[in-house]
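Following the hints, put chains B and C in place on chain A, whose structure we already have.
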Amino acid sequence: MANIARNLLILAAAILSGAVFTAPAAAQNEQFIPILSYRTGPYAVNGAPYANGVADYYNLINERDGGINGVKLLVEECETSYATDKGVECYERLKSKGPTGAAFVNPLSTGITFALTEKTTADKIPIITMGYGRADSKNGAVFPYNFPFLGTYWSAADIAIQHVAKELGGFDKLKGKKISLLYHDSPYGKEPIPMLQVLAKKYGFEFTPIPVTHPGVEQKSQWLAIRQNRPDYVLVWGWGVMNSTAIKEAASVAYPRDKMIGVWWSGAEPDVTPAGDQATGYKSLMLQHGAGRFPVHADIEKYVYAKGKGSTEPGKVGEVLYNRGIVNAMLGVEAIRKAQEKFGQKPLTGEQVRWGLENLNLSDARLQELGFAGMLKPIRISCADHEGARDGRVQQWDGKGWKVISDWYTADEALIDPLVNEVSTKYAADKKLQPRDCTKES
Amino acid sequence: MIALGQFLEVLIGGLMSGVLYSLVALGFVLIFKASGVFNYAQGAMVLLAGLALVRALDLLIAQGFPFWAAIVLGIGFAAAIMATTAWLIERLVIGPLVNQDALTLFMSTIGVTFVLEGAAEMIFGSDVYPLRLFPTDAWFVFEGLFPGGILINKLDVWGALIAGILVAGLALFFQHTKTGRALRAVADDHLAAHSVGIPISWIWFVVWLVAGLVALVAATVWGTKLGVQFSITFLALKALPVLIIGGLTSIPGAIAGGLIVGAGEKIAEVFLGPSIGGGIEYWFAYVLALAVLLVRPQGLFGERIIERI
Amino acid sequence: MLYRETSQFKTTYAEDMAIFPIRQDRIALGVLLGIAFIGLPLLATFHIWPFGGDYLLWAILLPFLILALAAIGTNILVGYCGQISLGSGAFMAIGAYSAYKLATGVHIPLAWLGFAISIPPLPILASILLGGLAAAGVGILFGIPSLRIKGLYLAVATLAAQFFFDWVFLRVPWFTNYAPSGSVNAPELNFFGVVVQTPIERYLLCLTFVTVTAILAKNLVRGNLGRQWMAIRDMDIAAELIGIRPLYAKLTAFAVSSFIVGVAGALWAFVYLGSWEPLAFSLDRSLDLLFMVIIGGLGSIMGSFVGAAFILIVPIMLNLIPTELGVPLSTETITHLQLIIFGSLICYLLIKEPRGFARLISIGKEKLRLWPFPY
Numbered sequence: 001m002a003n004i005a006r007n008l009l010i011l012a013a014a015i016l017s018g019a020v021f022t023a024p025a026a027a028q029n030e031q032f033i034p035i036l037s038y039r040t041g042p043y044a045v046n047g048a049p050y051a052n053g054v055a056d057y058y059n060l061i062n063e064r065d066g067g068i069n070g071v072k073l074l075v076e077e078c079e080t081s082y083a084t085d086k087g088v089e090c091y092e093r094l095k096s097k098g099p100t101g102a103a104f105v106n107p108l109s110t111g112i113t114f115a116l117t118e119k120t121t122a123d124k125i126p127i128i129t130m131g132y133g134r135a136d137s138k139n140g141a142v143f144p145y146n147f148p149f150l151g152t153y154w155s156a157a158d159i160a161i162q163h164v165a166k167e168l169g170g171f172d173k174l175k176g177k178k179i180s181l182l183y184h185d186s187p188y189g190k191e192p193i194p195m196l197q198v199l200a201k202k203y204g205f206e207f208t209p210i211p212v213t214h215p216g217v218e219q220k221s222q223w224l225a226i227r228q229n230r231p232d233y234v235l236v237w238g239w240g241v242m243n244s245t246a247i248k249e250a251a252s253v254a255y256p257r258d259k260m261i262g263v264w265w266s267g268a269e270p271d272v273t274p275a276g277d278q279a280t281g282y283k284s285l286m287l288q289h290g291a292g293r294f295p296v297h298a299d300i301e302k303y304v305y306a307k308g309k310g311s312t313e314p315g316k317v318g319e320v321l322y323n324r325g326i327v328n329a330m331l332g333v334e335a336i337r338k339a340q341e342k343f344g345q346k347p348l349t350g351e352q353v354r355w356g357l358e359n360l361n362l363s364d365a366r367l368q369e370l371g372f373a374g375m376l377k378p379i380r381i382s383c384a385d386h387e388g389a390r391d392g393r394v395q396q397w398d399g400k401g402w403k404v405i406s407d408w409y410t411a412d413e414a415l416i417d418p419l420v421n422e423v424s425t426k427y428a429a430d431k432k433l434q435p436r437d438c439t440k441e442s
Numbered sequence: 001m002i003a004l005g006q007f008l009e010v011l012i013g014g015l016m017s018g019v020l021y022s023l024v025a026l027g028f029v030l031i032f033k034a035s036g037v038f039n040y041a042q043g044a045m046v047l048l049a050g051l052a053l054v055r056a057l058d059l060l061i062a063q064g065f066p067f068w069a070a071i072v073l074g075i076g077f078a079a080a081i082m083a084t085t086a087w088l089i090e091r092l093v094i095g096p097l098v099n100q101d102a103l104t105l106f107m108s109t110i111g112v113t114f115v116l117e118g119a120a121e122m123i124f125g126s127d128v129y130p131l132r133l134f135p136t137d138a139w140f141v142f143e144g145l146f147p148g149g150i151l152i153n154k155l156d157v158w159g160a161l162i163a164g165i166l167v168a169g170l171a172l173f174f175q176h177t178k179t180g181r182a183l184r185a186v187a188d189d190h191l192a193a194h195s196v197g198i199p200i201s202w203i204w205f206v207v208w209l210v211a212g213l214v215a216l217v218a219a220t221v222w223g224t225k226l227g228v229q230f231s232i233t234f235l236a237l238k239a240l241p242v243l244i245i246g247g248l249t250s251i252p253g254a255i256a257g258g259l260i261v262g263a264g265e266k267i268a269e270v271f272l273g274p275s276i277g278g279g280i281e282y283w284f285a286y287v288l289a290l291a292v293l294l295v296r297p298q299g300l301f302g303e304r305i306i307e308r309i
Numbered sequence: 001m002l003y004r005e006t007s008q009f010k011t012t013y014a015e016d017m018a019i020f021p022i023r024q025d026r027i028a029l030g031v032l033l034g035i036a037f038i039g040l041p042l043l044a045t046f047h048i049w050p051f052g053g054d055y056l057l058w059a060i061l062l063p064f065l066i067l068a069l070a071a072i073g074t075n076i077l078v079g080y081c082g083q084i085s086l087g088s089g090a091f092m093a094i095g096a097y098s099a100y101k102l103a104t105g106v107h108i109p110l111a112w113l114g115f116a117i118s119i120p121p122l123p124i125l126a127s128i129l130l131g132g133l134a135a136a137g138v139g140i141l142f143g144i145p146s147l148r149i150k151g152l153y154l155a156v157a158t159l160a161a162q163f164f165f166d167w168v169f170l171r172v173p174w175f176t177n178y179a180p181s182g183s184v185n186a187p188e189l190n191f192f193g194v195v196v197q198t199p200i201e202r203y204l205l206c207l208t209f210v211t212v213t214a215i216l217a218k219n220l221v222r223g224n225l226g227r228q229w230m231a232i233r234d235m236d237i238a239a240e241l242i243g244i245r246p247l248y249a250k251l252t253a254f255a256v257s258s259f260i261v262g263v264a265g266a267l268w269a270f271v272y273l274g275s276w277e278p279l280a281f282s283l284d285r286s287l288d289l290l291f292m293v294i295i296g297g298l299g300s301i302m303g304s305f306v307g308a309a310f311i312l313i314v315p316i317m318l319n320l321i322p323t324e325l326g327v328p329l330s331t332e333t334i335t336h337l338q339l340i341i342f343g344s345l346i347c348y349l350l351i352k353e354p355r356g357f358a359r360l361i362s363i364g365k366e367k368l369r370l371w372p373f374p375y
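Residue numbers (the numbering used here), protein chains in the order written: chain A, 1 to 442; chain B, 1 to 309; chain C, 1 to 375.
So here's chain A without its partners, still in its complex pose (with noise of 0.2 Å):
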C-alpha cells in the first residue's frame, strides 16, 4: 500500500510541475507559431510527411533569413492523432504562447477545423485550411479568421468534374454518364456532396455517392456494388489507409485505375506505394503543385538538411505531401511578412496577422524569389475572397513517380458562389453573426 501511496505521490509532483513549467519565459522578439499534427495513429501515414515539411519551412526561415525581418519564429508541436478532441486541447494549450499568442494555427483536419472555427473567431487567433476545411469559409464577410486558401472542396468537385468532361471530350459528353463519389464518411468527405449535386443537376450525369466508414480498411462491399454498376468514373475522396485500399479493391474487381480520381488528398505516395503495380494509372487532383524538388528544395537541403536539423529522411524532401507542407508554412509566413509592412517588425497578434492573410498578395515574381516558382501560381486573397485561387491540374501515378497530365483547370466561381453564399448566410444566421461589409475593408 505504501508503494502505491509513493507512487502517487511522485504522479502528483509529476503533474504539478508540469502545471509549473507551462508559464515558460519567452523571448521579446519572437513570434510564435503552433503546428498541430499527427505523426501517430490511423492516419500517421499521410500527416507526418506534411508535418515535416511544415516544420523543415519555418526552420529554413530562421537558419538562411534569421527569421522574418529579425523576428525569429518558435514553433512549437503537439500532436492531435486527428481526433477532434485532442486537437481542441492542442489549440487550447498552444494558443498563448510566445509573446504575442499564436499567429495562426492549421489543423490539417476538417473536424478540427469545425470545431475550432468559433473559439479562433473569439480569440482572434486566423485558422489557415489550405485545401481542406469548411468550403463556406471562403466567405471572408461571414468568417473573417477562416482562410481555406488554393482551393476548398466544392473546388475540387468542379476541377474534377472538368477534368472528366475533357477526357471525355466535352461538356456535352457528360450527359448520362455515371460518377461515383467513394468518401470517407465524415465532414471531410462529405462535403463535396453538395456541389457535385449541382454539377450532376447541370450537366445531366448520374451520381453516386458511396460511403466508406472510418478508417476505410474495409471497402469490399463498395467495390462489388461498383463492378455491378459500372460507373464511367469513381472520384476518391479518401485519407489515409483508404486510399490505398480503394486502388488495391479496384484492381481486384479489374476496375481501370486511370478511371479513378482523387482529390488531392488522395494523391500522394503513401497512398500508392502500398498498393505496388496495381496503383500505375490511378490519377488524383494536385492543388496546384505536386512531387518534385524546386529551387526551394536546395535551400532546405542546404540551410536545414545540411546542418542536420531536418525532421525527415533526405529522401523524402519533395514528396507531395512534404511540399504542400512547405507551402502552406511559407503562405503563413509571407502573411506575417505583410502584416509586419503594416504593423512594425515586431512579433505580431493573431489579429494583426489576420490582416496580413487578408491582403496576402503574391505575384509571380515574387513566387519567384520564393523559390516556388512552378509549384504554384499567383495568389491573391481579399475579403470577399479567403480562398485566394481554384486553380489545378490532374496527375497520374506512372508505378514510380507522379506525373503531371493535364493544363492548369480553374474552378468556376460562378457555380461555387452561390452555393458558398447560402450556406454561409446560414451559418450567420445560425450564429446571430453580422457579415463584414467587404467593400469597406482595406
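Be aware that one or more of the hints could be misleading.
Mimicking SDA-like on lysine to any residue, the simulated pairs with C-alpha atoms at most 25 Å apart in a straight line are [stated by the list, open to error]:
#1 C:Lys218 to C:Phe20
#2 A:Lys426 to C:Phe20
#3 A:Lys124 to A:Pro99
#4 A:Lys431 to C:Asn190
#5 A:Lys124 to C:Leu43
#6 A:Lys431 to C:Leu189
#7 A:Lys124 to C:Glu201
#8 C:Lys10 to C:Leu329
#9 A:Lys302 to A:Arg337
#10 A:Lys432 to C:Val195
#11 C:Lys150 to B:Leu300
#12 A:Lys302 to C:Leu329
#13 A:Lys440 to A:Thr349
#14 A:Lys259 to B:Ala192
#15 C:Lys367 to C:Asp25
#16 C:Lys352 to C:Gly364
#17 A:Lys400 to B:Asp127
#18 A:Lys177 to A:Pro209
#19 A:Lys72 to A:Trp355
#20 A:Lys342 to A:Cys383
#21 C:Lys352 to B:Pro96
#22 C:Lys352 to B:Trp202
#23 A:Lys432 to C:Asn190
#24 B:Lys154 to A:Thr273
Some but not every residue of chain C turned toward chain B, in silico, with C-beta under 7 Å [said to hold, decoys possible]:
#25 Thr6
#26 Leu32
#27 Leu33
#28 Ile38
#29 Ile140
#30 Leu141
#31 Ile144
#32 Leu147
#33 Arg148
#34 Ala157
Calculated directly from the structure, the hints in this document are not laboratory data. Since this is a predicted model, take the numbers as computed values, not measurements. Note that the Cβ used here is the ideal one computed from N, Cα and C, for glycine as well.
Below, chains B and C without anything else, positioned relative to chain A:
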C-alpha cells in the same frame, strides 16, 4: 430482381472476408477459452506481429538475403517477438490479475493495447509498409454462365486456406499433444487443473504465445491486403461480432461466426445499403450479433452458462 | 487527530443515515464546493496563477466536469447495476443531437398523413434536459436485451448501439438540419436571458449541472432503487428470489444512466465543442468512460470524479511534461511514450487496486482516523 450472378458473387466475397475476420477472432477465442480473458489487445498483437515481420523482411532483403531465406528468418524473428510479448503479458499483467472479475481483466487488456501500439510504432516505425506474400488479383469464374463472371479474390482464397490449416492444426494440437490436453484441462477449471499439477502460468504463456502466432498468421494475410500500418488494429472491432455469434469459447464457432458475419454484412451493404444510404455494414454485424444473442445468449457454439446460487 | 468522530453523537436514525455522517467530511465538501464555485472563478477572473490563460479552464476543467458527469451516469449502470456497457458514447451522441434538434426546432413532415409535427425551438435548458430524456428512452430500448444477455456478451451487444448511432447521425440528414458536411453548430447558450459565453461562465454552468446531478445520484443510489440495482449486480437470481423485479431494476438503471450520459453529451457538444460531428462520440469515448468508472471505482460517485480526472489529465500531463522540461524528444516519440506509460499505469492500478481509487480513498480515510496513533 437481383441478378443471381451478383448475389452469388457478393455471397462468396462475403464468406471469404468473413474467414479473414475469423483469423483475428481465433486469437480471441484461444485466450478466452484458457484464461477467461477477453483480449482486446488481439488487434494490437496483429499490428505488432505484422510490423516485426515486414521490418525484418525489408532489412534482410536489403542485406542481400534470398527471398525464401528472408521469409523464414523474418517469420522466426516475428515469432520470437510474439513469444517475448506473450511472456511479458503473462508475467506482468495476467498472472498478477488472476481471479479478478472479467471486466477488470478486459480493461487491463485495453491497457496492454495502448502499450503494444505505442511500443510497436516506436520500435518499428509508424509508416505504411507494403507486404507482398500472396497474390491479390482475382479470378473470374463461370464467365459463360453470368455476364462478367463471378469474381473471386485470390487473397481471400489463400486466407480461407490458411484459416482451414490453422483450425486443423489447432485441433490436432489440442487433441494430441500433452500441452494441448493440459490447456483443455485449464480451460475447463483452472483450480482443478492446478491441483493435479498442471503448471498454470506455463499454460497461460503457451496460450498467449499461440494467440500471438495466430496474430502473426493474420498479419501476413491482412498485411498483404492493407499494407502493414496502424489501421490494422481496427480489425479487433470487426472480429468482435464474429466472436459473439460463434460463442466466446468455440474455435469452430469463430469460423462459423466469421462466415455468417461476412456474408450477412456484405449482402446487407450491397443490396440493402443503397436504399438507406450505405455504410451500414459496421453496425449490421453487431445488430446481427445482438439478434443471435437474444436467441442464444452464449452464442451459437458457446458453452451453456449454468448459474447457481 | 483532525479526522476523529469522537464526540459526534447521533441521536436519531436519520442522523445516522445522513450522506456524510462525519462532520469533517461535511466541512471538507463545503470547502471543496466553495473553492469550485467561488475560488476558481475568482482566480480565473483576475488571471492569477495557474489561470494565466484560458488553458486550465477550457482544456482541463471543462472537459473534466462534463466527462465526470458522464462517468457518474456510466457508473450507475456499470458500477451499481453491474451491466457492462460499451455504448455510453452513443448515448452521449443521442443526448447531443436530440438537444440540438429541440433547440433548433423540430419539423417532421408526415406527408402520407397529410400533416406535419412542428415544435418551435425550445429554450436551451429544456432542450438539454429533454435531450437527456431522449437518451433515456433509447437507453431503455437497448436495455431490454440485458434481461437475457449478461456480462461480456452484453458489453459487445451494447456496441451495436454505439455503431448504429454513429451511423444514424452521419447518414440521416434530418438530425443535422441538412448541413452539407454533416457537422453541426451549437445554438446560442441562452439561459433565461443570460448568454453563456466566456470560459468562466461555461465552467460555472457545467459545475452546476455536475453538482446537482452528483447530489441526486448519490441520494438515488442510497435509496430503494439503488439498493435494488446493487442487489441485481451482486447476484441477479438471488435478488429475484427476494422479490426484486429484474425488469424494473435493470431498465431503471439503463434509463437513469442514459439520462445522465445524455445530458453530459449535450453539454459536451454545446458547451465544450460548440461544433461537432459523430466522431466526437466514437467508441473511444465509450472506452474512456468505462476506464474512468473502473479506475475511479465501481459503485462510487466520488470515484467517478477521480477516475475522470485521471483518464483525462494523465495523458495530457505525460504529453506536456517532456516539452515543458525541454527534453528534446519528437512529438511522435512523446506520443508513443505517453501511450506506453499510460497503458502501463492502467495495468499497474488494476493490479494493485482492482477496486479503483474509491477504495484507496476509503483506506486512506480509515488510516487518517487512527493517525497519528495507529494502535
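Proposed proximity, Gly364 (chain C) with Lys352 (chain C) (alpha carbon, max 25 Å): holds (15 Å)
Interface restraint verdict for Leu147 (chain C) against chain B (beta-carbon cut-off 7 Å): Result: violated, 10 Å to nearest chain B Cβ.
Hinted contact Ile140 (chain C) with chain B - closest CB pair below 7 Å: violated (16 Å)
Satisfaction of hint between Pro96 (chain B) and Lys352 (chain C), Cα-Cα up to 25 Å: holds (9 Å)
Given hint Glu201 (chain C) paired with Lys124 (chain A) - CA-CA distance at most 25 Å: holds (19 Å)
Residue hint Arg148 (chain C), partner chain B, criterion CB-CB below 7 Å: At about 5 Å, which falls below the 7 Å cut-off, the nearest Cβ of chain B leaves the hint on Arg148 (chain C) intact, so it holds.
Lys124 (chain A) paired with Pro99 (chain A) [C-alpha distance capped at 25 Å]: holds (15 Å)
Agreement of Lys352 (chain C) and Trp202 (chain B) with the hint, judged by alpha carbon distance not exceeding 25 Å: Answer holds: Lys352 (chain C) to Trp202 (chain B) is near 23 Å, not above 25 Å.
Interface hint compliance - Leu33 (chain C) to chain B, C-beta minimum distance less than 7 Å: violated (31 Å)
Straight-line alpha-carbon gap Lys302 (chain A) to Leu329 (chain C), limit 25 Å: Satisfied, since the Cα-Cα distance of roughly 24 Å is no more than 25 Å.
25 Å limit on alpha-carbon distance, applied to hinted pair Lys367 (chain C) and Asp25 (chain C): Holds, at roughly 15 Å.
Hinted pair Lys432 (chain A) and Asn190 (chain C), Cα distance within 25 Å: OK: Lys432 (chain A) and Asn190 (chain C) at ~12 Å, within 25 Å.
In summary, the structure is inconsistent with hints 2, 8, 14, 25, 26, 27, 28, 29, 30, 31 and 32 from the numbered list given earlier, while agreeing with the others.
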